[in-house]
Amino acid sequence: MQIAQDDLRRMLRLMHTIRSFELTAQTLFREGLAVGQFLGALHSYEGEEAVAVGVCAHLRDDDCVFSSHRGHGHSIAKGADVRAMMAELLGRESGISRGRGGSMHMFAPEIGLMGGNGIVGGGTPLALGPAFAAQYRGTDQVSVCFFGDGAASQGVFHECLNLASLWKLPVIYVCENNLWAATTPICDGWPVADLAPRAESFGMAGVAVDGNDLLAVYEAAGEAVGRAREGVGPTLIEAKTYRHRPHCMVIPEHRPEDELADWHARDPIARLEGHLLREGAISDVELADLVTEVEAELQAAADFARESASPDAATFADYLWA
Amino acid sequence: MQIAQDDLRRMLRLMHTIRSFELTAQTLFREGLAVGQFLGALHSYEGEEAVAVGVCAHLRDDDCVFSSHRGHGHSIAKGADVRAMMAELLGRESGISRGRGGSMHMFAPEIGLMGGNGIVGGGTPLALGPAFAAQYRGTDQVSVCFFGDGAASQGVFHECLNLASLWKLPVIYVCENNLWAATTPICDGWPVADLAPRAESFGMAGVAVDGNDLLAVYEAAGEAVGRAREGVGPTLIEAKTYRHRPHCMVIPEHRPEDELADWHARDPIARLEGHLLREGAISDVELADLVTEVEAELQAAADFARESASPDAATFADYLWA
Amino acid sequence: MRNVTYIRALNEAIAEEMKRDEAVFVIGEDVADCGGVFGVTAGMMKRFGRERVRQTPISEAAFTGLAVGAAMAGLRPICEIMYVDFATTCMDQILNQAAKLRYMSGGQVTVPLVIRTQQGGGTCEAAQHSQNLEAIFAHVPGMKVAMPSTPYDAKGLLKSAIRDHNPVIFLEHKLLYETKGEMPREEYLVPLGEADVKREGTDVTVVATSLMVLRALEAAETLAGEVSIEVIDLRTLVPLDFEAIAASVRKTGRLVVAQEAWTSGGFGGEIVRRVCEECFDALVAPPKVVGSADVPMPFSPGLEQAVLPDADAIVDAVRAVA
Amino acid sequence: MRNVTYIRALNEAIAEEMKRDEAVFVIGEDVADCGGVFGVTAGMMKRFGRERVRQTPISEAAFTGLAVGAAMAGLRPICEIMYVDFATTCMDQILNQAAKLRYMSGGQVTVPLVIRTQQGGGTCEAAQHSQNLEAIFAHVPGMKVAMPSTPYDAKGLLKSAIRDHNPVIFLEHKLLYETKGEMPREEYLVPLGEADVKREGTDVTVVATSLMVLRALEAAETLAGEVSIEVIDLRTLVPLDFEAIAASVRKTGRLVVAQEAWTSGGFGGEIVRRVCEECFDALVAPPKVVGSADVPMPFSPGLEQAVLPDADAIVDAVRAVA
Ligand SMILES: Cc1ncc(C[n+]2csc(CCOP(=O)(O)OP(=O)(O)O)c2C)c(N)n1
Ligand SMILES: Cc1ncc(C[n+]2csc(CCOP(=O)(O)OP(=O)(O)O)c2C)c(N)n1
Ligand SMILES: [Mg+2]
Ligand SMILES: [Mg+2]
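Protein chains in written order, with my numbering: chain A, 824 to 1145; chain B, 824 to 1145; chain C, 16 to 337; chain D, 16 to 337.
Next up, chain A with everything else stripped away, as it sits in the complex:
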């Protein structure tokens, strides 16, 4: 597949934005802890950036994304404002969900970001909704759901595969198989090596892809989105990847060191950079500039978040009813 170099550079930038977002968020979290303030759960997407970016590159603002507990990457890739996201992490009124949602519940429906989910697998049936709506209205929108290998053991996910396949809904399920579900290794969660046959057993397309290879993800997602838009039906993509950090901020690292080292060596950002450098699509200087810019952007986001006001406590009952 031919990808315009501009597009690749844009995607690289997004991947850096995600990584930088996570690093900045961790700093804020530790700052908060230092002053005795809980800031809830924080699940880093570092290491998995190619998945969100490669998939969302094919989406329009009127396509929907349903995210998971590990949702910062999906949100940024879908186009969310990192300032509003950062403010959300601090529970500010300027946050992307007005401080009501926090890390796991970032919403921006105007760009198709339909929220993270604190329930593992919780997004899988919701994602059927906009896909159904597109089919119902005869439009060509698609709906994408990101979830983990752990979520693939939730029953509802299988109901969704069945229904999506039965009704040929324009939905794409993207399983981010990072080999771990919290502290449980994949061998204690899956009796099989691959998820694609499961999709096939429901009569639907299933593919596996190297989730650390942006080009591979981009290509697989492009096909899936194309098929969905054309009304051919849903696709399940299993992206094999790895998270660089522990499950969340409060659970210590428990994974084997050599496994970690192994996967760090397969870092999706370094890999894409290597490709772009080799192809002459970016220079060392441009790369350094890009990183500097992104870091500045995230610093500005952190400042914006810190300086933003918290919601007035008296407004706790707002936004329940429409």
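Any given hint could turn out to be false.
Claimed, not checked - Listed next, the in silico EDC-like pairs over lysine to aspartate or glutamate satisfying Cα-Cα at most 20 Å (straight line):
id, chain 1, residue 1, chain 2, residue 2
1, D, K61, A, E1076
2, C, K61, B, D1011
3, B, K991, B, E1046
4, B, K991, D, E66
The hints are simulated quantities; they were obtained by calculation from the structure and are not laboratory data.
Using the hints, position chains B, C and D with the ligands against chain A.
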């Protein structure tokens, strides 16, 4: 597979017992209605007798069966007393569940009958329990769960396949695919023709069998039970069959006449009788005697049920707590 | 004025709203071919086509989740769960998703969803087909909860629920389906959150819901001349028209709540709590809740009647406080 | 006497019972490798082996159902659901199966199961990780419901729960885990169904559960000299030690219930109902329930604190009725 003729005759008798039970139950139900008495739900197993009988023939009293809403056949095949079952249908104290359960909740744990279930798919995770217990205790018991094609669309069923496969539990899932779920045809429920690939996608054995052919069911179940007892792991059996009656007593027939006729021509009882007659394993006279005996048994059961006392209304709070 | 059944009233409400608004569609098990097992959506498929009357596999979690997601995308799903008892298989979609999405998103997402289901005992369907679970839905903030007792209210409330921008759980009662009532030929709405005084009285306030409104009216007849009962039909639990209750209690000084749900831990206790907090001084006798005995529903008809509250139970409670 | 944490107390209870009875085993997510994300089962795997400490895929419905079935087969599972919020994904196994099997079977089946989970807010984990759902479990008959507030009670109640022949839902509180309390070295049990007077007083009865017991004791300190509060810790909602409440209310004539769950429709209303029905004449002031505001839990710390009831809220309520 060689099956002793005695065993075949015993199985034929059980199949007749089930059919006769259903016919008698329908009479009682209509009698009840005639005097303005509700008797709840009644789901006939007529037409599917070979499945329950062929599977349960391999089970001991200390093996468990988890049944469905359409559970009379499973109960009889597992060895339940038809008098107590009939009394249960009339809500008598002498009923198999003391009149507390009714048609959908027949229990006889001393013979491994762990109950029907009013929740479609409800038995699927429960069945993992005794299988787990057998593995935990190092015994060779197996656990069997019967459920319908409709239930195969419940999420929890897939969680069960995953867990059973992962832990190699001695459980056998028997899907009675009778082509309909209430008034919904299989084509509106399944996007695929077969269930076995689904089991395989979880790394577990899956087989399809002609559910109207007792010999085929008996053989497939024998292998599955053998594998489970030996600790090799679980099996999913899809038995293709058909119910002769509407979904339940209060829903009118909605299926195409030619489909009905087609399946009546494949009646599992007539088929087994034909086989036995051809093989000289039974004579016409013996067959007639068998039917007469079974009918008499069921008449006696109906009489027993009618004559049994209803529970004392003051005891409604009994049996909640152990 | 016409005299129509509760089923017919519901059917008309759905048809009228589907005609009025293309975004309205029906989804659920058996809803197309037989119009739902209780016939509420009978004729819809013929009239509006299969695209708008979507018959699903037995996958409550997936299709309820789809409905939530479709509502987020601007459609107005009417999602039928056949029995409220089966809502246990999609509680996550109801309590954690539908009820919370708007709030978690800081008001950005709207979920204009109606979940229709029916509840209640009296048909000998035993413990898994006879529950009254309104207290669960009313306790968890974010869902409106409707419980119509008459055809008039059923139609008017359902139309309002469909037009409401919030998720509404619409709880019908299986024993009300065949009841008849007066209804204008012209279009009308019954707003959510307005109780209705079904009978005026001066001595004792009876607050009732669903089928128990009819029982309360019977009790009022029985006691006519002895005690004058004011029967308040809440119609919706959320929003709760507490003013209507308070006004009546301030007049009568006596309160009996009649619910079919289990007496303990039900919504009746909530009404007693509110009345105590807001009109304690008006009370001249202890408020009382009449409900089902705190046991799973037994199958046997005599036991079931012993468990269910009837008009006599209300009569007794009224006499006890009058 | 020793001073140990609530976590440690739970850990000891489990270890002691596993040692005492081979039928006891632990099942749940992450329970082996990290001892559960809160560390309650830390060290168990090492001590009792992987067979008795079963770490599962993220399949709450399957493993909870397995636990129910294993209990039916005579084992004594301790099933951990990581957050009570996730119980929505296995409500069927809890409410329709575990709670009802014994009754539906006419007392033939026994379900000696403990479901351990933790609930509560205060950690900025937002709407899907902060709920208090005890009212749901207490309303549906068939489960015992425990809510310990101290390490002493936690240990003694959990040991009783494990030995109980009925399903028990054991609700811990995430903010109690690190609290410490006195505990004997010798073995002891705390029976299910006995409330504990945590502080004697003469003016106002405060009935509290879980973390709110600590808040009530704070309130009592604050008000010492002004109002004498009697703090009753229910310890279990089912069975409910109503006599303890009644005895206190007969003495004080004033009742405040403190629960962290949403104020409306919670178990507090049930206590008010019972008190009104059985000791109305003793009441000299309106009973009051203090609970959370009726909204999903907001993420932002200031909003969360505005929603949660604290000691001040109890002080205010006590002053209002004193
Ligand atoms: C229904 C449910 N069960 C358990 C949890 C707790 N939990 C949160 S994240 C997580 C692990 C998820 O693993 P996976 O789906 O592989 O996603 P990853 O964290 O690896 O991205 C668990 C068990 C939850 N939030 N929801
Ligand atoms: C969770 C749940 N959803 C719906 C129902 C209502 N219901 C009872 S039986 C049935 C059809 C079941 O079809 P299938 O599993 O194929 O079994 P069959 O009746 O054909 O034997 C339905 C929808 C139910 N009891 N439980
Ligand atoms: Mg993972
Ligand atoms: Mg079927």
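Hint by hint, here is what the structure shows:
Restraint check: the Cα-Cα separation between D/K61 and A/E1076 comes to about 19 Å, which is no more than 20 Å; the hinted pair holds. As the CA atoms of C/K61 and B/D1011 are separated by approximately 17 Å, the hinted pair is consistent with the 20 Å bound. With a C-alpha separation of about 15 Å, the suggested pairing of B/K991 with B/E1046 holds against the 20 Å cut-off. With a C-alpha separation of about 13 Å, the suggested pairing of B/K991 with D/E66 holds against the 20 Å cut-off.
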